[in-house]
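Let the sequences and hints guide you as you build the complete structure.
In the working numbering, the protein residues as written are 49 to 178.
Among the hints, erroneous ones may be present.
When the alpha-carbon atoms are kept at most 30 Å apart in a straight line, the in silico BS3-like pairs for lysine-lysine are as follows [to be verified]: (1) LYS79 / LYS158; (2) LYS118 / LYS79; (3) LYS79 / LYS132; (4) LYS132 / LYS94; (5) LYS118 / LYS158.
Source of the hints: derived by calculation from the structure; they are not laboratory data.
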Amino acid sequence: MFRQLVRSFCVATLLFQSSLLSANDFTAQQKAMLAAPRMQLEQLDKIPAEQRTGQHWLLLSIGYDALNNKEQALLAIEQALNAKLPALLHVMALEQQALIYGRLYRNVTKALEILQHAEQAAQAARATEP
Numbered sequence: 049m050f051r052q053l054v055r056s057f058c059v060a061t062l063l064f065q066s067s068l069l070s071a072n073d074f075t076a077q078q079k080a081m082l083a084a085p086r087m088q089l090e091q092l093d094k095i096p097a098e099q100r101t102g103q104h105w106l107l108l109s110i111g112y113d114a115l116n117n118k119e120q121a122l123l124a125i126e127q128a129l130n131a132k133l134p135a136l137l138h139v140m141a142l143e144q145q146a147l148i149y150g151r152l153y154r155n156v157t158k159a160l161e162i163l164q165h166a167e168q169a170a171q172a173a174r175a176t177e178p
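Encoded structure:
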């Protein structure tokens, strides 16, 4: 029983640390996308759609948003939210979706609804942290 508890704790700790690492990696990729969106989009577009991860879709959405391409930004963020993302990246994806609706579509009501959902997701993620 004790071994299972220790093993579960170790696995949970590793998962949490890996989600932090993936969030840090993502932040670097996000900065690169914002610095040169056209170039970064060209690179990501080389990945076949069926092989893209949620992180790829989120980066695509950020790039399209930077170029004010609202249709592609919205399609990409919907794909990101439908994919499995770590909790922190899921919250970032919801925030990105709110930005798209608020800034590109001028739908403040929808943006605020999404931000409320993002806050709930962030609270849930904090509650499950070890």
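Hints, one by one, checked against the model:
1. LYS79 / LYS158: holds, 26 Å
2. LYS118 / LYS79: holds, 20 Å
3. LYS79 / LYS132: Roughly 22 Å between the alpha carbons, so the hint for LYS79 and LYS132 holds.
4. LYS132 / LYS94: holds, 21 Å
5. LYS118 / LYS158: holds, 15 Å
When held up to the earlier numbered hints, the structure conflicts with none and fits them all.
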